[in-house]
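There are 2 protein chains.
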Amino acid sequence: MDQNLTFVTLGVADVAASRRFYTEGLGWEPTFEVGDFTCYQVGHGLLLSLFEIDEMTADVGHPTTPGNAFTLSQNVGSRAAVDAAVEAARAAGATVLKEPQLADFGGYHAYLADPDGHRWEIAFNPGWSVAADGTATLRPIEPGEV
Amino acid sequence: MDQNLTFVTLGVADVAASRRFYTEGLGWEPTFEVGDFTCYQVGHGLLLSLFEIDEMTADVGHPTTPGNAFTLSQNVGSRAAVDAAVEAARAAGATVLKEPQLADFGGYHAYLADPDGHRWEIAFNPGWSVAADGTATLRPIEPGEV
Chain A
94 MDQNLTFVTL GVADVAASRR FYTEGLGWEP TFEVGDFTCY QVGHGLLLSL FEIDEMTADV
154 GHPTTPGNAF TLSQNVGSRA AVDAAVEAAR AAGATVLKEP QLADFGGYHA YLADPDGHRW
214 EIAFNPGWSV AADGTATLRP IEPGEV
Chain B
94 MDQNLTFVTL GVADVAASRR FYTEGLGWEP TFEVGDFTCY QVGHGLLLSL FEIDEMTADV
154 GHPTTPGNAF TLSQNVGSRA AVDAAVEAAR AAGATVLKEP QLADFGGYHA YLADPDGHRW
214 EIAFNPGWSV AADGTATLRP IEPGEV
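Top line first, the protein sequences correspond to chains A and B. Under the working numbering, the first residue of the first sequence carries the number 94, and numbering increases by one thereafter. Under the working numbering, the first residue of the second sequence carries the number 94, and numbering increases by one thereafter.
Note that these hints are calculated values from the structure, not bench results. Among these hints, one or two may not hold up.
No distinction is drawn between identical chains; accordingly, a pair holds when it is met within one copy or between any pair of copies.
[Unchecked claim] Mimicking EDC-like on lysine to aspartate or glutamate, the simulated pairs with C-alpha atoms at most 16 Å apart in a straight line are:
| hint | residue 1 | residue 2 |
| --- | --- | --- |
| 1 | K191 | E148 |
| 2 | K191 | D152 |
| 3 | K191 | D176 |
| 4 | K191 | D129 |
| 5 | K191 | E180 |
| 6 | K191 | E238 |
| 7 | K191 | E117 |
| 8 | K191 | D226 |
| 9 | K191 | D107 |
| 10 | K191 | E145 |
| 11 | K191 | E122 |
| 12 | K191 | D95 |
| 13 | K191 | E126 |
| 14 | K191 | E235 |
Use the sequences and the hints to build the structure in full.
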């Protein structure tokens, strides 16, 4: 099984409501929509898709329930960019779980929940970088960098 | 809030046990490890990280509980590649939730769960492609393609 991820699928109560949040609220552009299935490109060859929980249960063949032991994170370039993203998400109807603040990892971050409670972290981490070939690097953050 | 995803963080009961599954079982190479925090590069500038649920709860400031209303998907190039990935995951200790079979979306897929129940779909979808610039495309699958 390769070290690779190409889709993140969110089980949602109502695809239309979730689409309103992501498309109309946040201004995201759908990559592909057919019937109830909507997906958004969120990285190099990476899609985030919305799928009704009942359909997810049928497709998987095992119950799927709302849950939140996972986090979708978005790294941005500054503390101000964290603040701005959180305000944009709040205006779109997100619930802010943790207001922007210094983080235990040494950076600056906030947490918010989409209409189904799927959690996003918005983070400024000056120790994170992506090379031209896509390789991600994490290094410890130095004092005074944030 | 940009249309972007850079991290997927899994809340896990025991990072050491999860690391055994991903690193020793599946052969994945950690990108960064410090203390209990382990992450793997799983795409262009994309990291999957393991984080103990209690620490996740403390970091978020809201309870996080095991849940499964989300799916991590990996697209592969053939039915045989789906079968092979599922066998490799089973050998590593994954629970197969749905054996490889034709899927409602027209392709061929299987579902499995890692030690914490985090669900992966392994899919062959000939309608999915990624351009040189990273743009992902989905088109309907034609009869006979799978």
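My question is about K191 and D95: at a cut-off of 16 Å on alpha-carbon distance, are they close within one copy, between copies, both, or neither? For K191 and D95, neither the intra-copy (34 Å) nor the inter-copy (19 Å) Cα distance is at most 16 Å.
Checking K191 and E145: alpha-carbon separation at most 16 Å within a copy, between copies, both or neither? neither (27 Å within a copy, 18 Å between copies)
Have a look at K191 and D152 and pick one of within, between, both or neither, based on CA distance no larger than 16 Å. For K191 and D152, the Cα distance is within 16 Å only across copies (9 Å; inside one copy 34 Å).
K191 and E238: within-copy, between-copy, both or neither at 16 Å Cα: neither (22 Å within a copy, 47 Å between copies)
Cα distance capped at 16 Å. Does K191 pair with E117 within a copy, between copies, both, or neither? This pair counts as neither: shortest intra-copy Cα distance 24 Å, inter-copy 35 Å.
Homo-oligomer pair classification [D176, K191; C-alpha up to 16 Å]: Within one copy only: 12 Å inside a chain, 42 Å across chains, cut-off 16 Å.
Please sort K191 with D107 into within, between, both or neither, judging by C-alpha distance up to 16 Å. Answer is neither; intra-copy 25 Å and inter-copy 24 Å both fail.
Is the C-alpha distance from K191 to E122 at most 16 Å within one copy, between copies, in both cases, or in neither? Neither way: K191 and E122 sit 27 Å apart in one copy and 32 Å across, limit 16 Å.
Is it within, between, both, or neither for K191 and D129, if the alpha carbons may be no more than 16 Å apart? For K191 and D129, neither the intra-copy (31 Å) nor the inter-copy (22 Å) Cα distance is at most 16 Å.
Intra- versus inter-subunit Cα pairing at 16 Å for K191 with E148: Between copies only: 15 Å across, 31 Å inside.
One pair to classify: K191 and E235, alpha carbons no more than 16 Å apart. Within, between, both, or neither? Close neither inside one copy (24 Å) nor across copies (46 Å); limit 16 Å.
Between copies, within a copy, both or neither: which fits K191 and E180 at Cα up to 16 Å? Answer is within: at 12 Å inside a copy they meet the 16 Å cutoff, but 41 Å across does not.
Hint compliance for this structure: hints 4, 6, 7, 8, 9, 10, 11, 12, 13, 14 are broken, all remaining hints hold.
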